[in-house]
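Here the structure of chain W is known, so what remains is to put chain L in place on it, guided by the hints.
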Amino acid sequence: MKALLLILSIILIAVIFVQIGRLTELSSKVRGEEGHSLRKNNATAMWLLIFMVGFLIFCIGSAWYYKDVMLAYGPNKAASVHGEQIDSLFNWTLFFTGIVFVITQVVLFYFAWKYRMKEGRVAKFFAHDNKLEVIWTLIPTVVMAFLVVQGLIVWNDTMMDVDEDDDYIEIEATGEQWLWHLRYPGADGVIGERDFRLTSGTNQLGQDWEDAANHDDFLPDKIVLPVNQKVRVRILAKDVLHNFYLPHQRVKMDAVPGTPSYFIFTPTITTEEYRQRLKGHPDWEVPSDPSDPTSDPRWKAFNFELACAELCGQGHFSMRKIVEIVSEEEYEQWMSEQTPYYIQNIRNTDADPYKGQLLDYDIKARRGELMDAFNDVRDYEDPEERIIRLKYVQFETGSARLTADSKYELNNVVDLMNEYKSMTLELGGHTDNVGDAGANQELSQARADAVQAYLTGKGVNASRLTSQGYGQNKPVDSNETDEGRANNRRTEFKIITL
Amino acid sequence: MSEVLVKNYDTEKLIKESGYDDHFHEHHHGDKYQSNFIMTYIFSMDHKIIARQFLITGMIWALIGAAMSIIFRLQLGFPDSNMAWLKPLLGKWINMDNGVGTLDPNFYYALVTMHGTIIVFMVLTAGLSGTFSNLLIPLQLGARDMASPFMNMLSYWFFFLSSVIMFYSLFIATGPFSGGWTGYPPLSALPQASDGSGAGATLWIVSLVFFVVSVLLGGVNYITTVLNLRTKGMSLWRMPLTIWAFFITAIIGLLSFPVLASAFFLLTFDRSLGTSFFLNEIVIKGQILDYAGGSPILFQHLFWFLGHPEVYIIILPAMGLTSEVLSVHARKPIFGYRAMVISILAIAFLSFIVWAHHMFMAGVNPFISNIFVIFTLIIAVPSAVKVFNWITTLYGGNIRLNTPMLFAIGFVSLFISGGLTGIFLGNSAIDIQLHDTYFVIAHFHIVMGVAAFFGMFAGIYHWYPKMFGRFMNETLGKIHFWGTMIGAYAIFWPMHYTGLAGVPRRYYKFDIFDAFGQFTELNMFITVSAAIVFGLQVLFVINFFRSIWFGRKVKSINPWGANTLEWTTPIHAGHGNWPGNLPTVHRWAYDYGKDGYEFIPQHVPVSEDESEVH
Chain W
1 MKALLLILSI ILIAVIFVQI GRLTELSSKV RGEEGHSLRK NNATAMWLLI FMVGFLIFCI
61 GSAWYYKDVM LAYGPNKAAS VHGEQIDSLF NWTLFFTGIV FVITQVVLFY FAWKYRMKEG
121 RVAKFFAHDN KLEVIWTLIP TVVMAFLVVQ GLIVWNDTMM DVDEDDDYIE IEATGEQWLW
181 HLRYPGADGV IGERDFRLTS GTNQLGQDWE DAANHDDFLP DKIVLPVNQK VRVRILAKDV
241 LHNFYLPHQR VKMDAVPGTP SYFIFTPTIT TEEYRQRLKG HPDWEVPSDP SDPTSDPRWK
301 AFNFELACAE LCGQGHFSMR KIVEIVSEEE YEQWMSEQTP YYIQNIRNTD ADPYKGQLLD
361 YDIKARRGEL MDAFNDVRDY EDPEERIIRL KYVQFETGSA RLTADSKYEL NNVVDLMNEY
421 KSMTLELGGH TDNVGDAGAN QELSQARADA VQAYLTGKGV NASRLTSQGY GQNKPVDSNE
481 TDEGRANNRR TEFKIITL
Chain L
1001 MSEVLVKNYD TEKLIKESGY DDHFHEHHHG DKYQSNFIMT YIFSMDHKII ARQFLITGMI
1061 WALIGAAMSI IFRLQLGFPD SNMAWLKPLL GKWINMDNGV GTLDPNFYYA LVTMHGTIIV
1121 FMVLTAGLSG TFSNLLIPLQ LGARDMASPF MNMLSYWFFF LSSVIMFYSL FIATGPFSGG
1181 WTGYPPLSAL PQASDGSGAG ATLWIVSLVF FVVSVLLGGV NYITTVLNLR TKGMSLWRMP
1241 LTIWAFFITA IIGLLSFPVL ASAFFLLTFD RSLGTSFFLN EIVIKGQILD YAGGSPILFQ
1301 HLFWFLGHPE VYIIILPAMG LTSEVLSVHA RKPIFGYRAM VISILAIAFL SFIVWAHHMF
1361 MAGVNPFISN IFVIFTLIIA VPSAVKVFNW ITTLYGGNIR LNTPMLFAIG FVSLFISGGL
1421 TGIFLGNSAI DIQLHDTYFV IAHFHIVMGV AAFFGMFAGI YHWYPKMFGR FMNETLGKIH
1481 FWGTMIGAYA IFWPMHYTGL AGVPRRYYKF DIFDAFGQFT ELNMFITVSA AIVFGLQVLF
1541 VINFFRSIWF GRKVKSINPW GANTLEWTTP IHAGHGNWPG NLPTVHRWAY DYGKDGYEFI
1601 PQHVPVSEDE SEVH
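Chains as they are written, first to last, in my numbering: chain W, 1 to 498; chain L, 1001 to 1614.
Only chain W is shown next, with the shape it has when bound in the complex (with noise of 0.2 Å):
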């Protein structure tokens, strides 16, 4: 029914222009066909004068009202450092631009209501002026050399690429329909080899985990920069083009399956400082969510964000990450709480190709569970508390012989007692309750007693060590169960002095 009422009165109007139109025909015959188009052409004549005075209040006002929201102006400055050259060179343009604008639209119009049609008048004959034309030859092409000059100034500065020695973080962005994956290289500063061949349900980028440098990669769900420092972030896609666009930043770039693409960029403000910067801005103090009047003013709700801007299917609109700019300590207290996702996800699975080996990342972390242990219970008064379990020393079944990656842990107790010169240990050995009690007692004297010859033969002095076999009398858990075993067969060593 409402269809039918628009399209109704759709129509009615199409039939009342159409009479209007008919009508001015016929009347124009009536008055006589000259003297009417000369007063229309006059009347014309002025309302392309007042048009032309309308247009440029409209674009001049209208810019006027929304410079906060434009770039180079308000709030919305650059937040990187190539992002303020941009803008200082959008600024130029809109100079130089702006006065052409202006003069052209002016005399165009001016022009038009000037020469109106006169009676009795024939216009001028010029068709040419050498002279005019060269002027107006050589003045926009003095004025496209300088912005030419000034732009591939500011756009080889921003698309060089980074120097081995410059000081950067590089990390890496790549678009699948329709979200953006991101990984961080670690703590060793390279991200990892990647094959699209190798990409799963629990390997979204392909990562190649026989590339050690893919295992302390970490895969954030947002962007977290320090400001003020050199950014690489190499981009790519898993199946069609996006684009990696930071819109704060002045930052766009393609992301193309197989190629990689690279865009480099130093923040210079961070998220928290921006939201000040917006702060005030009347634009800024309404509330963010538009239904809830209580909720926080836009400004403090704003976030930096990432998107694509390259059309990649009916997601496209809707590939939006937080971009979290601060400063270097937060930036590296976020970096401490980032695990790898190969440690958290992939480490001794089926996909793991180190599938029960030990990697540096273990003996590094092992090495730090230690210390942590050591430093936990070394000021306790009672020796009794001092106990460390030494968990990753093990022996083959049933025999003291020491497996191969138990030299580990031991070289790190070699290294605290080279560190503290004047403790002493005792070294323990301990079995869970299967089989004799005799023959566990003898084991784990002899497990001990293997401990301890290792660290001597490592250059610890034998008389700050002493071995004693515990046998099953000393379980720290049930006996009942095989977890409650696997603990209680266990090594530990004592500080008896520190």
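Hints in this document: simulated from the structure, not taken from any laboratory.
Since this is a predicted model, take the numbers as computed values, not measurements.
Where is the CB? At the ideal position from N, CA and C, for every residue including glycine.
Some clues are possibly wrong.
[Unchecked claim] Derived pair list, reagent style BS3-like, types lysine-lysine, alpha-carbon separation capped at 27 Å:
hint : chain 1 : residue 1 : chain 2 : residue 2
1    : L       : K1555     : W       : K222
2    : L       : K1509     : W       : K321
3    : W       : K40       : L       : K1555
4    : L       : K1285     : W       : K118
[Said to hold, decoys possible] Derived, one-sided and incomplete: chain W residues facing chain L with beta-carbon distance under 10 Å:
hint : residue
5    : E25
6    : A45
7    : W47
8    : Y73
9    : F96
10   : F111
11   : N156
12   : I191
13   : E193
14   : G206
15   : P290
16   : F302
17   : M319
Coordinates of chain L only, in the frame set by chain W:
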């Protein structure tokens, strides 16, 4: 000089006595193919009928393309409104949820894609260049018809075939192609990537390949006709600027459209034969594909090798029409005729070496861009010369402000506004921020969308008496002009601001991002303006068709007092255009106001006391 002199001449007598006798009417071969209704009006080989066929087909496409823009503007201006009322029209593309209808995002992208394809190719290439090249090249050159009327007919019918296929693709189950009018792979190559990249993309490619065939058949004809069939006395330097524009446009088309066709062939191989021209290392929806070694960027190079010249294929004819209309109705010679021709040549040449300015942010080697920045900004120089010359053409004129003239003045205004923003975008550094934002939308819609339409409207209003022997209604024409002029700026000017705020184009909605969601009122304003402007175009179409039968009749053969040869033919010119001899040419087309004479047509012999003979 206060007294207006009128040159006394008798066209009929002049042509009869001093015209060129090509023995055309002794052969009677020409009348064979206009013997019945079908041969006269459908499979016609007469360039004037073919021109009208291009025009009317183009107008139908323009209405479809514009209506599509209204639907997606509704989505952008009123994203939360209930679109259930569009269900009878759009069917399953309106998703219903508790009685509230929303536009399917897939269909949104299909609309955007089809809008671009239709307006760029079907309307502004075929509808504009096809119409006026066909109408004016033989008439203004004093030729009986095109060099090959049969090829000319084929040109239209390939366009028709292309149109039918494109139109059909709107109705298939998976929807029309939705990967953007630029059709970048891998999105356009992989049906998994988007619904529209299946059958929709196939039809889109097939349609455009036929379109290329149409353009080439037309172009070869235009070039041959201009080079070979000029009447006696019509040297190249005496040709009206319209002909120069059509001639150069045809050359550009002939050199660039085949490259588009080759890009489409390679794309088709990738789509159906498993080749990897444009595809490399793709994992889509968890599926690892076999493609290796291709480059999606290669397609962009091929596409824009056509795509950039294409914008000049669109704008040069509009410039030509504008030049002619400005000169005729200002009653003045076009200022700097030779500079205008040289500008056209310079623009045409440069148009082939700037294509990668569409690709500054495409992941190409950034240092390649240096050269494209330089050439791109050089184009501003011939463009500026043209603008200054148009403005100076008005200076000292005796201007008739009728509808065609208003549209021509509007063209210049729009070309300035849209051209200047090109200086921002052509500078790669600024393009980092503005690329693929609404600033680009504003720029190209003003400079080659609306401006080209204005050139076309100027042409239609001006040559309507030649095409149909009647005038279009002047009042409706003025309403059409003012509404469109004000409305077009109201639609596209504010888009500069959203673009400068960084809002990307091709977004189904903006509220997911804090940075882009702040223009709710502005988007409503744009949508309402667009709807009004669309209404005015409907009014234009009504005026157009009504005037065919009810318009004011043309009483004299040269109603505008113009100098060019099309106004020496009878009001209803038959096949062969001139009933007897061909007119011969004695001067250039711009002797307006010379020696006190209001105008001296090209076929009038030079008298001894004339100053400045061109």
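Quick rundown of the hints versus the structure:
no.: 1; hint: L:K1555 / W:K222; verdict: 74 Å, violated
no.: 2; hint: L:K1509 / W:K321; verdict: 16 Å, holds
no.: 3; hint: W:K40 / L:K1555; verdict: 21 Å, holds
no.: 4; hint: L:K1285 / W:K118; verdict: 71 Å, violated
no.: 5; hint: E25; verdict: 6 Å, holds
no.: 6; hint: A45; verdict: 6 Å, holds
no.: 7; hint: W47; verdict: 7 Å, holds
no.: 8; hint: Y73; verdict: 9 Å, holds
no.: 9; hint: F96; verdict: 8 Å, holds
no.: 10; hint: F111; verdict: 4 Å, holds
no.: 11; hint: N156; verdict: 7 Å, holds
no.: 12; hint: I191; verdict: 17 Å, violated
no.: 13; hint: E193; verdict: 13 Å, violated
no.: 14; hint: G206; verdict: 7 Å, holds
no.: 15; hint: P290; verdict: 9 Å, holds
no.: 16; hint: F302; verdict: 6 Å, holds
no.: 17; hint: M319; verdict: 9 Å, holds
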